[in-house]
Amino acid sequence: MRKVTLALPMVPEMEIEASKTAMAIAESMRMSPDRIDEVRMAVVEACINALEHSHASAKEVFVTFEVLGGQDPETLRITVRDTGVGFSPGEIEEPSIQEKLKSARKRGWGLKIIRGLMDDVEIRSGSEGTTVVMSKMR
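Taken in order, the sequence shown gives residues 1 to 138; the numbers are from my numbering.
Keep in mind that the hints are not guaranteed to be accurate.
The calculated DSBU-like cross-link candidates involving lysine-lysine, where the alpha carbons are at most 30 Å apart (straight line), are [as the list claims (entries may be wrong)]: (1) 20 x 112; (2) 3 x 20; (3) 59 x 3; (4) 59 x 112; (5) 3 x 112.
Taking CB as the label site, the calculated pair distances span [stated by the list, open to error]: (6) 20 x 116: 34 to 40 Å; (7) 85 x 109: 19 to 25 Å; (8) 119 x 28: 17 to 23 Å.
Read the hints as simulated data drawn from the structure, not as lab findings.
Note that the Cβ used here is the ideal one computed from N, Cα and C, for glycine as well.
Turn these sequences into a full structure, and let the hints steer you where they fit.
What follows is the structure in structure tokens.
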């Protein structure tokens, strides 16, 4: 298995199904338990963002898992794509710990968390939707 795509309905807890697939693939690659947990959490965050923020008329999120490398897989690349309204990633104000301590802001941490958990993250967004491509080395 080198590539798997899930078409998940935009319903509560759909991120759990995506995270189960991520964990199974990461385990098959022999990632460490810590790295598997990081992948799982990043997938959950990306799916929740798609569910909560895309405002998509097509009520599906597409999650693609790709195992990269030769006989001994080296990288797991995960793409989470919605068909929503999109946003401008450069205009998102990144939260900080200092701000968290001063205010009750609880939202807006998803992209920061994803970037902290994964080795590489790319966000493409526009009128056709948003695509988050994230990679984790074994």
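**Prompt:** Against the structure shown, which of the earlier numbered hints fail to hold, in ascending order?
**Reply:** 6
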